[in-house]
Amino acid sequence: MEEEKLKEKEETEKKIFAKGYCFTKIFIFFLIGCLFGTYYEEILWFISKREWVNRQGLIFGPFSPIYGFGVSIYVILLGKHNEERGILKTYLYSCLIGGVAEFMTSIICEFAFGVKFWDYTGYFLNILGRTTIPFMLAWGLLGLFLMKVAYPFVSKLVEKAPYKIAQPIYIVILVFIILDMILTYSALGRMTFRSQGKEPFTFVGKIYDKIYTDEYLYNKFPAMRPDK
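According to my numbering, the stretch in the sequence shown is residues 26 to 253, in order.
Do not rely on the hints blindly, as some may be mistaken.
[What the hints assert, rightly or not] Simulated pairs of lysine-lysine, DSS-like, Cα-Cα distance not exceeding 30 Å:
1) Lys231 with Lys245
2) Lys114 with Lys181
3) Lys114 with Lys74
4) Lys39 with Lys141
5) Lys74 with Lys245
6) Lys181 with Lys39
7) Lys245 with Lys141
[Stated by the list, open to error] So the derived label-pair ranges between C-beta atoms look like this:
8) Phe201 with Pro247: 36 to 44 Å
9) Phe136 with Thr227: 19 to 27 Å
10) His106 with Ser220: 25 to 33 Å
11) Ile194 with Glu108: 25 to 33 Å
12) Leu150 with Leu69: 51 to 59 Å
To be clear, the hints were calculated from the coordinates, so they are not data collected in a lab. Since the model is a prediction, treat every value here as computed from it, not as a measurement. Note that beta-carbon positions come from the ideal geometry of N, C-alpha and C, so glycine has one too.
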């Protein structure tokens, strides 16, 4: 019995956290994208508007899933054969991925929540106001940096983390983010139904109407206010 426990302990210690191309590593980059996106938008807003505005995308925590999904899409589509792919091909793929992702995200957000989080109408070479060619070229540069600089560096770094410590932390954060997303998007969905004059379908909707009011959500996501 003692030998089995010792053997199991040795096998656990030998395990490499987030080894290679895997879901765990994709989620880590999703998390990095969420954090980066929040602070990037807050800094950008401060520079342009001279005021500090909360730009988080979830009710709890400084996370912006739009950016997280954007980063994870790059990793999902380009991560597997990243070392074999050349710089030019990586850049062109990144331009396309960034433009399509931004375009589709705009449509999904508007359809699901009735809110336009951005509108590029009037911008140079815009595509239906949902993205622009210059922005796509910029997405290409970011994707190139992500895949050829950040991805290899972060991959090696996280794989050095002790498995016994990193794995439980990863699971806790994963569960937290999933619950946070479910809560946030269901609250925003209920907000859309309220604006349409629809009564709650279940007791959960009634609880949301008391706790996650329009004013509460506008305070959490001030960029959603009609006057912004």
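So, going through the hints one by one against the coordinates:
1. For a cut-off of 30 Å, the pair hint linking lysine 231 to lysine 245 stands: about 20 Å separates their Cα positions.
2. Taking the CA atoms of lysine 114 and lysine 181, the gap is about 23 Å. The hint holds against a cut of 30 Å.
3. The straight-line distance between the Cα atoms of lysine 114 and lysine 74 is roughly 37 Å, outside the 30 Å bound, and the hint therefore fails.
4. With a CA separation close to 48 Å, the supplied pair lysine 39 and lysine 141 exceeds the 30 Å bound.
5. The suggested pairing of lysine 74 with lysine 245 holds, with an alpha-carbon distance near 18 Å, which does not exceed 30 Å.
6. Proposed proximity of lysine 181 and lysine 39 is supported: the alpha carbons are some 16 Å apart, at most 30 Å.
7. Proposed proximity of lysine 245 and lysine 141 is supported: the alpha carbons are some 16 Å apart, at most 30 Å.
8. A C-beta distance of roughly 23 Å is found between phenylalanine 201 and proline 247, which places it outside the suggested range of 36 to 44 Å.
9. For phenylalanine 136 paired with threonine 227, a C-beta distance near 23 Å keeps the hint of 19 to 27 Å intact.
10. Checked against the given bound of 25 to 33 Å, the beta carbons of histidine 106 and serine 220, roughly 46 Å apart, lie outside it.
11. In this structure the hint that isoleucine 194 and glutamate 108 lie 25 to 33 Å apart at CB holds, the actual value being about 28 Å.
12. Checked against the hint of 51 to 59 Å, the C-beta distance between leucine 150 and leucine 69 comes to roughly 20 Å, which is inconsistent with it.
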